[in-house]
Amino acid sequence: MRIVAGAIPTGRDFYEGRRALVDHLKDCLQGSDVLMLGPRRTGKTSVIKEYLATEEAASEEFRYVFIDLESTKNLYEFYLRIIKEILSASNKWAGLVRFSVDGMKTLSNKLGEIFDNGIEIKDYLGGVSGTALRIKFPKFEPEKVEALSKELQRLLANIDRQLVIVLDEFPEMIWKLGLDSEDPKEQQLEQRKQQTELLLAGLRTVRQEGAAKNHRVIVAGSVNLDNTLIHLQLGNLLNDIKRITVPYLTTDQSVELMSLLGSGQGFTYSSENLMRDFVRRQFGRCTPFYIQIYAEALLQMKLAGQVAGAFTEDDLKKAYRAVLDNARGPRYLLDRIKKYYSKEEQTQVHLILGSLAKQQFKQTGRLCDNDCEKILTSVDSSIVRHQVVELLAKMRSDDLIQHSNDGSCFEFESQLLCNFWHYQLVAAEFLV
Amino acid sequence: MTPVMIQNTAAYLSLQYSGKQSGLPPPFILKGPEGTGKSWVVTKLQKAVESNRASGIVAVRVPMQLNPEGLVHNIQQYISFCKFQYLKRSTEISNMASDLKVVLLIENIDRLFNLGGRDRGFVLPTRAKGAGAAKFAQVQHASEFRSFLIENNRHIGLIATAGEDTSFMEDPDQPFFQFFNVLELRHLSEPEATLYFKDKLGDDHLQVSLVEFLSNFTSSWITNLTDGKISYLNLLAATVNEIAEEEGANSLKLEKLIETLLDLYFYKVVPNLELQIERLSYQEKHALDRIALLPDHFFSKDVEDISSNVSLVMGSLRSKGIIEQAVETGAVRYKMRSTCLKAYLRFQKMAPVTQVMNPTGQMTYVGS
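Order-wise, the sequence lines are chains B and R. In terms of the numbering used here, the first sequence opens at residue 1 and continues consecutively. In terms of the numbering used here, the second sequence opens at residue 1 and continues consecutively.
These aren't lab readings, by the way, just hints derived from the structure by calculation. The structure displayed is predicted, hence computed values, not measured ones. Incorrect hints may have been included.
To be verified - In silico DSS-like cross-links for lysine-lysine, where the CA-CA straight-line distance does not exceed 30 Å:
1. R:Lys285 x B:Lys302
2. B:Lys343 x B:Lys358
3. R:Lys285 x R:Lys198
4. B:Lys26 x B:Lys92
5. B:Lys318 x B:Lys302
6. B:Lys358 x B:Lys338
7. R:Lys88 x B:Lys302
8. R:Lys83 x B:Lys92
9. B:Lys26 x R:Lys101
10. R:Lys88 x B:Lys92
11. B:Lys26 x B:Lys105
12. B:Lys394 x B:Lys362
13. B:Lys358 x B:Lys374
14. R:Lys83 x R:Lys198
15. B:Lys92 x R:Lys101
16. B:Lys110 x B:Lys193
17. B:Lys302 x R:Lys268
18. R:Lys88 x R:Lys200
19. B:Lys242 x B:Lys213
20. R:Lys285 x R:Lys268
21. B:Lys302 x R:Lys47
22. R:Lys101 x B:Lys302
Construct the entire structure; sequences and hints are all you get.
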């Protein structure tokens, strides 16, 4: 197994501990479309890609398109990309789309008409997968978007086999809607709401029409999708789609993943169980990404000639420290707080995180809503309850903290994060 | 003898692309300051891939004169061209372009995607106005490239290099956040640099004498002159070999040889230094000129030391911020090396020195 610290582990790099999720995804798709949610870096795309690869290997009849919506900035592009990827797939799988040459021309002409006969449409449709769109988009008009949606429905109606359409980084696209206009910020926000509503309604139509042909749609994104839609007052427009949540790795899974990554690199340790005990204690439950960058830090030490033979406990500690100091590691949360919280909120957030880290690090107690209120009011007596509740909700939606299993208190998602915040805000210690 | 870290890194990456493993490896970034051997590793990998035709992987070294706008389109064209070249040379008729996998080799990818800064990244014109719109466009291009890589990850891999500033992959709001595997290269330590340098020189009597003389002079001369950068070590070694060949072992005194060596070495290194100095403001350049006249600070690496003495010269503590910035660019120590080391040598070894003003109005030292 190779270290994949960032990209999408699939095939031989896919962690088999997640196989059950792949099977669950397959089962859910038998009966419905799927909305796949999970915090950042928990492996949503990896699970989806592994599902697609497994099904493609198992059946010659399996057809799919995978669209990463990260770069999609408006609804025109959204529909055009799906249409384009389906046409590209029909190059790969001949006969996928039951279109004659005239049918293709008609589609191309109709799309061209929507965009005032721009020639680039034909080039774009005929290009290879991933070709960037170069046309100049007109101002947003709901009628044009609806016309595009109709063309997509017509295209899907001409596909007789089951097609799986994956729309990854869906929430990322929603955040960009409305931003490419030159209008003032308030109007951009209003446009985002309008366009998101149109998007979800159009997606629902496509899904319903597609269901008649047994097509399936997988929409993937972070848990912030729910908060985003609630914020836009559109929370009910995705409630008819089956949800799968991709969880963090359990402690045992973290240990197992690290063990597999280490074996793949030929790592050895100065004593049996050294690595297992260390990962169990210092990572606990966490995202696969942090295990991957930890393995990468150990690899870096090997390549630099700092470790000739087996890793000692000191080496494991050094690598752990490197993860905490790494800008790709939990350090990015510091920047996030600086960017998205006011100065006042930053102080409050640090107080809460510091207190929680102190308690969770030493396992001396728990932190609940009331405790947070006491901490904040002891510094600023003007703070009221609802401000505390709002702040805690914001921190949870940013994955800074989460509710404990029984829902009564707060905790960090992983021991790694607890250690990080302890190191940053409380004391120089970072190892329990 | 190639330094261990660089050798290991090249070997590791070559193994990833040896074709013995199924599927392409994840995208890698080689990160490190300039002169740490990143290009060398990329070239090694390219040769390893090209010599292993059985793997069906085509190495595509993307030209550096790229613009983020149209990047995906340009890269696709270049991939098609390289595949065509590969198939032309292939003896196996059964190979088809669609079967081939690709590893993209892109150097200095940070220059394409780092946002902001006078000298960093590209500021693209867009129909909306202002620096914010330009940055939005730049992030868009990064998004497109990322989407392209993800959608084609089964047949397109990527090895990129970047300098020390990799903010484009450390900012969570940017598309390449947490996208790459990162391997870091660093400058060589004094012992590593000395070993590497001596290995480059061989056993010639003159070279050994030069190295020993400079080692007696100061223990960290090699780091002071080259910063442990492999490219500079190569230049220094080439300079020594050049002098040995031209001047011969006995015709010049060692002090004179040192002076010739430094002149020639800095002549080679100057284009790099000029670029760094060019980026400084007028005030910074002026401060540099002043610092260059204080030979005792050649071996001082502390900003405090340098800046406190500069303030004596300039009569003000306002210069401290400027000096700190100039030191960070490395330009100070380089310029100091050029002028000050020569002056220092004169102080230590040769006849008394006189300070004179040259025709451009700068103070300089001349031997009597």
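Okay, the hints, checked on the actual structure:
| no. | hint | in the structure |
| --- | --- | --- |
| 1 | R:Lys285 x B:Lys302 | violated (42 Å) |
| 2 | B:Lys343 x B:Lys358 | holds (23 Å) |
| 3 | R:Lys285 x R:Lys198 | violated (35 Å) |
| 4 | B:Lys26 x B:Lys92 | holds (23 Å) |
| 5 | B:Lys318 x B:Lys302 | holds (12 Å) |
| 6 | B:Lys358 x B:Lys338 | holds (22 Å) |
| 7 | R:Lys88 x B:Lys302 | violated (40 Å) |
| 8 | R:Lys83 x B:Lys92 | holds (18 Å) |
| 9 | B:Lys26 x R:Lys101 | holds (29 Å) |
| 10 | R:Lys88 x B:Lys92 | holds (24 Å) |
| 11 | B:Lys26 x B:Lys105 | violated (36 Å) |
| 12 | B:Lys394 x B:Lys362 | holds (26 Å) |
| 13 | B:Lys358 x B:Lys374 | holds (16 Å) |
| 14 | R:Lys83 x R:Lys198 | violated (42 Å) |
| 15 | B:Lys92 x R:Lys101 | holds (16 Å) |
| 16 | B:Lys110 x B:Lys193 | holds (27 Å) |
| 17 | B:Lys302 x R:Lys268 | violated (35 Å) |
| 18 | R:Lys88 x R:Lys200 | violated (39 Å) |
| 19 | B:Lys242 x B:Lys213 | holds (18 Å) |
| 20 | R:Lys285 x R:Lys268 | holds (21 Å) |
| 21 | B:Lys302 x R:Lys47 | holds (24 Å) |
| 22 | R:Lys101 x B:Lys302 | holds (29 Å) |
Of the numbered hints listed earlier, those contradicted by the structure are 1, 3, 7, 11, 14, 17 and 18.
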